[in-house]
Each structure stands twice: as C-alpha cells, then as structure tokens.
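*Asks:* Chain by chain, the residues:
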Amino acid sequence: MIWQQLQSLAGSYPLALRGLGMTVMLSAISLVLGTLLGFGLGILRTGGNRLISAVIGAWVDLIRGTPFLVQIFLIFFILPEFGIELDAFTAGIIALTNLAACFICEIVAAGIRSVPTGQVEAALASGLSRWQRMRQVVLPQAMRIVLPPLVGQYVLLIKDSSVVSAIGLTDLTRVGWLVVQRVPNGLLVFFLVGVGYFIVCYPLIMLARRLERRMGAAHGEVQL
Amino acid sequence: MTNATKTGMIDFRGVNKWFGSLNVLKDITLSVEPREVVVVCGPSGSGKSTLIRCINGLEAIKDGDLVVDGQRLGDPATNMTQLRTEIGFVFQSFNLYPHKTALENVTLAPIHVRKIPRAEAEQAGRDLLAKVGLADKINAYPSQLSGGQQQRVAIARCLGMRPKIMLFDEPTSALDPEMISEVLDVMVAVAEEGMTMMVVTHEMGFARKVAQRVVFMDAGAIVESGTPEEFFSAPKTDRSRAFLSKILRH
Numbered sequence: 001m002i003w004q005q006l007q008s009l010a011g012s013y014p015l016a017l018r019g020l021g022m023t024v025m026l027s028a029i030s031l032v033l034g035t036l037l038g039f040g041l042g043i044l045r046t047g048g049n050r051l052i053s054a055v056i057g058a059w060v061d062l063i064r065g066t067p068f069l070v071q072i073f074l075i076f077f078i079l080p081e082f083g084i085e086l087d088a089f090t091a092g093i094i095a096l097t098n099l100a101a102c103f104i105c106e107i108v109a110a111g112i113r114s115v116p117t118g119q120v121e122a123a124l125a126s127g128l129s130r131w132q133r134m135r136q137v138v139l140p141q142a143m144r145i146v147l148p149p150l151v152g153q154y155v156l157l158i159k160d161s162s163v164v165s166a167i168g169l170t171d172l173t174r175v176g177w178l179v180v181q182r183v184p185n186g187l188l189v190f191f192l193v194g195v196g197y198f199i200v201c202y203p204l205i206m207l208a209r210r211l212e213r214r215m216g217a218a219h220g221e222v223q224l
Numbered sequence: 001m002t003n004a005t006k007t008g009m010i011d012f013r014g015v016n017k018w019f020g021s022l023n024v025l026k027d028i029t030l031s032v033e034p035r036e037v038v039v040v041c042g043p044s045g046s047g048k049s050t051l052i053r054c055i056n057g058l059e060a061i062k063d064g065d066l067v068v069d070g071q072r073l074g075d076p077a078t079n080m081t082q083l084r085t086e087i088g089f090v091f092q093s094f095n096l097y098p099h100k101t102a103l104e105n106v107t108l109a110p111i112h113v114r115k116i117p118r119a120e121a122e123q124a125g126r127d128l129l130a131k132v133g134l135a136d137k138i139n140a141y142p143s144q145l146s147g148g149q150q151q152r153v154a155i156a157r158c159l160g161m162r163p164k165i166m167l168f169d170e171p172t173s174a175l176d177p178e179m180i181s182e183v184l185d186v187m188v189a190v191a192e193e194g195m196t197m198m199v200v201t202h203e204m205g206f207a208r209k210v211a212q213r214v215v216f217m218d219a220g221a222i223v224e225s226g227t228p229e230e231f232f233s234a235p236k237t238d239r240s241r242a243f244l245s246k247i248l249r250h
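Chains as they are written, first to last, in the numbering used here: chain Z, 1 to 224; chain S, 1 to 250.
Source of the hints: derived by calculation from the structure; they are not laboratory data. Just so it is clear, CB atoms sit at the ideal spot from N, CA and C, and this is done for glycine as well. Treat the hints with care, as some may be off.
If you want a taste of the chain S side facing chain Z, the calculated C-beta under 10 angstroms gives, among others [what the hints assert, rightly or not]: (1) 56; (2) 57; (3) 82; (4) 83; (5) 86; (6) 87; (7) 98; (8) 154; (9) 157; (10) 239.
Mimicking DMTMM-like on lysine to aspartate or glutamate, the simulated pairs with C-alpha atoms at most 25 angstroms apart in a straight line are [stated by the list, open to error]: (11) 164/S x 121/Z; (12) 209/S x 33/S; (13) 62/S x 121/Z.
The task is simple: from the sequences and hints, build the whole structure.
*Replies:* The following block contains the structure:
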C-alpha cells in the first residue's frame with residue numbers, strides 16, 4: 001500500500017514543484033520588499049521625530065500583536081468591502097511584506113540604537129549630512145547587530161508564508177492539502193512538505209550561524 | 001552674515017544653558033580671536049566641555065548670542081552643517097569610525113562633504129597621517145591602534161577638513177600617561193601653525209607652551225581668565241587657587 005502511495009505521490013511532483021515555486025516566489029518578493037520597507041521604517045523610527053516614531057511603533061505593535069492569519073483575512077476578505085479588490089497573490093504579498101517590514105523595522109532600530117552616540121557626534125562634527133551619517137557611519141556599524149537576527153527573521157517569515165494557503169494560494173502547504181485528499185497518508189505528505197520548507201530555510205540558518213560567528217572578528221563592519 | 005560690531009572667531013555674549021533646572025552655563029561672555037589658543041580648565045562638572053560643545057552645535061544654547069566665524073548659532077540663516085565643516089572637534093574618547101581604516105577615517109569627510117576627488121583626498125590623508133607620525137599605520141583599523149595613536153588619527157581627521165577652528169575636549173584624559181606627550185606634541189604643532197584653538201585640558205605644560213589665555217570655569221561660570229603666566233603664578237580667586245593646588249600637586 002505504501003508503494004502505491006509513493007507512486008501516486010511521485011505523480012504529484014509537478015504540483016509540488018509549483019507549490020515550492022510559489023512559496024519561494026512569495027517569500028523572495030516579500031522579503032526583498034519587506035527588507036527595504038523595514039530598513040526605511042527602522043531609520044525613521046530612530047530618526048528623532050517623535051510623532052513619526054510613535055506612529056510606526058504603534059503600527060509595529062499592532063502587527064506583532066495580532067495573528068498573521070487574521071491579518072491576511074482582513075486584507076483579502078475585508079478590504080473588498082471597502083472597494084479594494086485584491087487577487088490572492090497580491091494580498092499575500094502585501095500581508096507578508098507588511099509583516100516582514102514590521103519585524104525588520106524593530107531589528108534595524110535596535111541595531112541603530114546600539115551605535116554609540118559618540119559615532120554620530122563625530123560624524124556630525126565633520127559636517128556629514130543626515131543621510132551621509134546614516135550611510136557611512138551608523139548603518140555599517142548597526143549591520144553587525146542587525147544581520148544575524150535579520151537572517152533568522154527571514155527563516156521565520158518563509159515559514160509564516162504557509163499561512164497564505166488559507167486564502168487559496170497554491171503554495172507548498174496548500175499542495176500538501178490537495179495531495180493528501182488523493183493520497184490518504186497525512187504523515188508522509190506533510191513530512192515531505194516539511195522537507196520542502198527545510199530545503200529553502202536551511203541555507204539561511206547556516207548563513208545566520210556563520211554571520212554570528214564572524215561578528216567577533218570583523219572591525220565593526222561585516223563583509224559578506 | 002555680517003555683524004556691526006567687531007567679532008572674534010568665536011564670540012559668546014551672555015550665553016546661558018540649562019540641563020533641566022541645572023544652570024550649566026551661566027552668562028558666559030568670551031571672545032576668541034583668530035589664531036588664538038585658549039585653554040579652558042576647571043573642576044569636573046564646571047561646564048567646560050559643554051562650553052566647547054556649544055560652539056559646533058553639539059549642544060544648543062538657551063539664550064544669549066554665540067557667533068562663530070561670523071555666523072550666529074540658532075539663526076535660521078546659519079547652515080549648521082556647513083559651519084561644522086569649518087570646525088574640527090577632537091573628543092576625549094577619540095570616536096574614530098571602527099569600521100574604517102585610519103586613512104578612511106581621515107578621507108571620509110573630505111570626499112563626501114568637501115567633494116574632493118578620492119585620489120587627491122587620499123594623498124592629503126597620507127600626508128596628514130605622516131605629519132602626526134602615523135605613516136606606517138594608514139591601513140590599520142582603530143582597534144589595532146593604541147589610544148595615543150587613535151587620538152592622533154582623530155586630530156588628522158579634523159585637519160583633513162582644513163578647518164578654521166579646532167576644539168579639543170579633554171583630548172588626553174582617556175590616555176595612558178606615556179601616550180599623553182605624543183598627542184600634545186601634535187597639538188602644539190597644530191597651534192604653532194596658527195590654528196584658532198579652544199582646548200579643554202588640565203595639561204598645564206601645554207597651556208604654558210602655546211596658550212595665549214587660560215580660562216578657568218567653576219559651576220558653569222567663567223571665574224577667571226588671563227595669560228598662563230598670570231593664571232599659574234598669581235591666581236586671583238580662592239577657587240582657582242584651590243583647583244591649581246589640586247592639579248599641580250603631582
């Protein structure tokens with residue numbers, strides 16, 4: 001019987017590849033956008049404007065304090081009530097990008113705050129503009145603190161992407177649900193789904209570990 | 001901005017500053033002429049660091065006038081970033097950029113702020129590091145340098161901007177005793193080239209050698225001001241006598 005199931009599973013591999021592709025694409029797009037947005041928010045969060053900082057802080061707390069599934073439902077099912085129709089893929093990208101940006105914002109803000117004030121004062125005193133101070137002095141030093149948890153966060157976000165199967169996107173997790181209807185062996189099917197996620201995440205886990213080890217050796221800046 | 005009355009390079013007129021309810025600068029009036037070297041001393045907490053940090057706007061003044069190089073601080077017409085390029089500031093804790101080499105520390109602002117071509121800035125940076133005795137350390141990172149070497153790089157970093165004014169905030173206080181003189185020697189050389197300098201320090205040998213004036217502060221106010229000769233041999237107030245007896249004892 002297990003042999004039959006395996007054969008049937010092997011026949012599902014195009015679907016599985018599609019699911020894996022969807023998971024990778026969704027994650028990659030959201031992580032790139034979320035990283036850009038997260039760095040921007042993190043820089044603004046520490047930028048000295050109290051109002052902007054408070055608004056970003058409140059939004060980050062809201063997103064971090066509510067389940068991702070609820071956020072996806074709100075974007076996909078509730079926004080259309082207000083006339084904003086989104087296809088599932090766009091809704092998934094928006095939800096995941098927003099989630100990524102919020103977590104990354106806090107990681108980046110913590111990194112920026114870890115740079116000693118003397119560094120900013122030295123940059124100020126030599127006449128560097130706000131952007132030059134950030135780009136040349138603060139961010140390179142903040143990256144030391146930021147990189148290991150950032151890569152760790154990517155792993156968490158890739159796994160969180162499985163939640164988008166709830167709005168009908170055929171990602172790896174949803175492929176699992178589809179296949180298990182034909183091959184009634186949940187343990188086997190979802191074991192393979194897990195392996196799929198692990199293959200995507202493991203290189204990142206290794207990278208995070210490597211970065212953490214290199215922190216001590218670098219002169220305040222991390223060369224990848 | 002032009003000023004009707006004649007001004008020095010740095011002009012404090014009735015400057016006050018508070019940290020909360022603490023009056024850290026009390027009615028400061030002080031003028032520093034171009035090419036003048038002024039040493040500021042006083043017990044810790046007397047406001048001397050705050051005084052020089054106000055000059056490049058690292059601290060904001062509460063009231064009074066502070067005019068630096070003809071520009072009034074706090075005036076909307078004053079471009080603070082621009083003014084800071086004319087003022088070198090040497091910190092007690094060096095504050096070199098740890099992720100940049102000695103040469104990169106020196107060339108960063110010339111390249112990005114002054115827009116000097118990289119090759120030219122690097123040549124100037126090498127010359128400056130040679131001048132402070134660190135020709136062999138241009139590619140060293142700050143963590144590979146001793147405190148005295150780091151402070152000399154920090155001075156070279158300021159000189160790289162060709163400033164009109166140099167401010168020193170206890171530049172030798174964080175150094176081991178055997179490294180103090182190498183930094184003071186560089187400061188003497190800078191002073192002898194005619195730089196306008198304000199130096200917060202207790203190095204009285206340095207004051208005697210190059211300062212035209214010593215300003216003694218206590219509790220946020222300027223208590224006494226005079227030539228090093230007058231100040232050291234005949235301090236006028238009890239507070240300065242008490243201070244001098246403490247720092248000159250050893």
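*Asks:* What are the numbers of the hints the structure violates, in ascending order?
*Replies:* 10
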